[in-house]
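Engineer: Chains as they are written, first to last, in my numbering: chain A, 1 to 242; chain B, 1 to 338.
Note that these hints are calculated values from the structure, not bench results.
Glycine is no exception: its CB is placed at the ideal position from the N, C-alpha and C atoms.
Not one of these hints is a red herring.
Here are the in silico distance ranges between beta carbons for each label pair: (1) S144(A) with R292(B): 48 to 58 Å; (2) E315(B) with E115(A): 30 to 40 Å; (3) E141(A) with L286(B): 32 to 42 Å; (4) L287(B) with R137(A): 34 to 44 Å; (5) P130(A) with L309(B): 39 to 49 Å; (6) L309(B) with G241(A): 50 to 60 Å; (7) Y248(B) with R137(A): 47 to 57 Å; (8) E228(A) with P314(B): 50 to 60 Å; (9) A12(B) with E90(A): 51 to 61 Å; (10) A8(B) with K187(A): 52 to 62 Å; (11) A12(B) with K187(A): 54 to 64 Å.
Straight-line Cα separation of at most 25 Å, SDA-like style, residue types lysine to any residue; simulated pairs: (12) K82(A) with F123(B); (13) K82(A) with F199(B); (14) K112(A) with S197(B).
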Amino acid sequence: MLLSVENLRVKYGNIEALHGISFHVDRGEIVALIGANGAGKTTTLLSIMRLPPPEAPKVVEGDIKYEGQSILGMEPHDVVRKLHMDLSPEGRRIFGNLTVMENLVLATYARKDGEEAVARDLDRVLSLFPRLSERRRQRSESLSGGEQQMLAVGRAIMTGCDFILLDEPSMGLAPLLMYEMFRTLKKLNEQGLTVLLIEQNAKVALSFAHRGYVLDTGEIKTSGTAEELRNDPEVKKAYLGG
Amino acid sequence: MKRLSVPALLAAVFAVLVWASQTGAMNIYWQSVVMFMGVNIILSSSLNIINGNMGEFSCGHAGFMAVGAYVSSVLSVALFAKSAAFGDPLLSPHLAVWIFPLVLLAGALAASLVGLLVAIPSFKTRGDYLAIITIAAAYIVKSTIENIGIIGGARGFMGMSSVMRAMNDTANLPWIMIWVVLGTIFSVWLIRRFIYSTFGKGVDAISQDEIAAEIMSVDTDRVKLVAFMVSCGLAGLAGGLFAHILGYVNPGSFTILKSTEVMVMVYLGGMGSLSGSVLSAILITLLMEALRPLQIVKWVVIPLLLVLLMQFRPEGIMGRRELADVFPGLRKFYKFKG
Numbered sequence: 001m002l003l004s005v006e007n008l009r010v011k012y013g014n015i016e017a018l019h020g021i022s023f024h025v026d027r028g029e030i031v032a033l034i035g036a037n038g039a040g041k042t043t044t045l046l047s048i049m050r051l052p053p054p055e056a057p058k059v060v061e062g063d064i065k066y067e068g069q070s071i072l073g074m075e076p077h078d079v080v081r082k083l084h085m086d087l088s089p090e091g092r093r094i095f096g097n098l099t100v101m102e103n104l105v106l107a108t109y110a111r112k113d114g115e116e117a118v119a120r121d122l123d124r125v126l127s128l129f130p131r132l133s134e135r136r137r138q139r140s141e142s143l144s145g146g147e148q149q150m151l152a153v154g155r156a157i158m159t160g161c162d163f164i165l166l167d168e169p170s171m172g173l174a175p176l177l178m179y180e181m182f183r184t185l186k187k188l189n190e191q192g193l194t195v196l197l198i199e200q201n202a203k204v205a206l207s208f209a210h211r212g213y214v215l216d217t218g219e220i221k222t223s224g225t226a227e228e229l230r231n232d233p234e235v236k237k238a239y240l241g242g
Numbered sequence: 001m002k003r004l005s006v007p008a009l010l011a012a013v014f015a016v017l018v019w020a021s022q023t024g025a026m027n028i029y030w031q032s033v034v035m036f037m038g039v040n041i042i043l044s045s046s047l048n049i050i051n052g053n054m055g056e057f058s059c060g061h062a063g064f065m066a067v068g069a070y071v072s073s074v075l076s077v078a079l080f081a082k083s084a085a086f087g088d089p090l091l092s093p094h095l096a097v098w099i100f101p102l103v104l105l106a107g108a109l110a111a112s113l114v115g116l117l118v119a120i121p122s123f124k125t126r127g128d129y130l131a132i133i134t135i136a137a138a139y140i141v142k143s144t145i146e147n148i149g150i151i152g153g154a155r156g157f158m159g160m161s162s163v164m165r166a167m168n169d170t171a172n173l174p175w176i177m178i179w180v181v182l183g184t185i186f187s188v189w190l191i192r193r194f195i196y197s198t199f200g201k202g203v204d205a206i207s208q209d210e211i212a213a214e215i216m217s218v219d220t221d222r223v224k225l226v227a228f229m230v231s232c233g234l235a236g237l238a239g240g241l242f243a244h245i246l247g248y249v250n251p252g253s254f255t256i257l258k259s260t261e262v263m264v265m266v267y268l269g270g271m272g273s274l275s276g277s278v279l280s281a282i283l284i285t286l287l288m289e290a291l292r293p294l295q296i297v298k299w300v301v302i303p304l305l306l307v308l309l310m311q312f313r314p315e316g317i318m319g320r321r322e323l324a325d326v327f328p329g330l331r332k333f334y335k336f337k338g
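Required output: the full structure, derived from the provided sequences and hints.
Structural biologist: Written as structure tokens, this is what we have:
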């Protein structure tokens with residue numbers, strides 16, 4: 001198990017957002033966490049990234065383990081540097097007044113694995129997302145929503161991570177762009193990237209993921225392979241539109 | 001030529017200023033204007049790291065300047081001059097020329113340590129809240145100084161002129177001009193190195209989005225700590241020079257008005273533009289002198305100019321750009337990074 005979340009309970013102030021959830025991600029998998037608004041999906045990712053309050057909740061019980069070691073004491077920048085795990089956050093949070101290229105280069109801030117590896121990753125990102133390559137000198141705030149999403153993913157890869165947490169990559173994307181995005185993610189996964197994905201669009205998520213968990217108001221309701229979930233009558237009714 | 005043009009230019013400026021002060025080609029008044037210009041350049045370009053590059057809001061720069069001014073003044077008087085407070089000099093006054101840079105450095109270090117007062121709260125807060133903390137820090141410094149009797153309290157502290165005289169006895173050169181020009185060049189060089197370093201990129205990232213900076217592997221606490229310490233330390237260096245130019249310091253020189261003056265320079269120059277900060281420090285110093293005959297009315301005219309500036313050019317003289325972005329021809333003479 002690469003990442004395991006064990007009986008995680010977290011609070012924002014006095015409000016408990018996750019009531020003891022457990023799940024795990026193996027190396028090389030695409031795992032989808034699906035659920036409605038307010039189910040606690042983003043909260044889960046923020047907790048895993050160890051972002052500090054008030055952005056993220058406080059862990060009151062349970063544990064988050066990376067290869068069996070608790071990471072509760074870590075800071076976000078160490079999660080990126082040491083565990084090679086990175087988040088493509090909700091709302092993308094790219095650096096708007098920097099160019100596309102500057103955003104990608106900034107992500108290599110703490111990399112110590114040499115210029116060759118950085119250049120290789122840059123090539124990889126620019127060939128996976130040709131649109132970013134076309135607009136590399138453009139200020140990133142002038143990109144369209146879809147392109148910004150690509151930049152957020154590309155930027156995470158540029159930190160040298162091999163495990164990416166994606167917060168609603170489909171948000172605000174036209175269907176065509178969304179499928180392009182997921183195809184690219186699939187390609188990255190085949191190259192060895194582990195993906196933990198949260199999505200409201202359960203249909204798309206479950207067609208790309210290997211396994212999935214259904215999160216509902218802070219609890220895991222169901223879990224299984226993507227196919228099992230796609231055929232689960234409850235899931236069908238609640239998330240897949242009948 | 002590319003590598004040498006800027007160092008050569010700076011060396012020439014240095015030589016001309018020293019020569020002009022030595023021979024009297026530049027009178028005492030203009031010497032002091034030039035020296036205050038140097039101090040203001042250090043102050044504005046160092047504050048620019050925090051308010052411009054890092055996007056935080058510090059209004060307590062005068063406080064750190066005060067720490068540097070007092071620590072270096074007390075040290076230099078105790079070491080090299082006979083005074084009522086500290087008695088006979090601890091070292092031979094002839095050593096002053098050699099040890100004075102260390103004295104300034106000690107003032108700068110002290111100021112950067114006091115900068116922790118602001119840096120540590122900045123881990124958790126930013127914006128208006130941090131601004132209030134910086135004001136508070138500056139007041140803590142000022143009140144502390146006012147209440148330490150041995151350094152003169154509110155009456156101020158003097159004796160630095162005898163240290164400068166001692167340097168003159170060792171070698172008849174315009175020492176204070178030399179220190180100010182060297183200190184200014186050193187500071188701007190250091191800031192330039194800092195903002196174009198990897199750390200500088202982290203500072204940029206923090207100014208835009210701290211959370212995004214963290215997930216881009218930037219250790220935001222560490223970057224803030226270093227940025228605040230560099231900035232406050234240089235303010236302390238400016239304070240040390242300021243005290244030795246005047247030969248006298250009192251806590252009244254380091255009020256919020258002084259901090260505001262420095263902030264005005266930063267905003268006039270353009271946030272996050274090092275060359276803008278340098279240019280506007282020069283401009284403001286000249287403007288202050290030109291308006292001196294107006295006396296107190298000066299404080300009507302200067303704020304009015306600011307209001308007009310914000311109305312018609314809110315991004316300041318340079319915006320976020322540097323000199324080389326405005327005049328690309330300059331790139332012929334120097335390799336600009338960035």
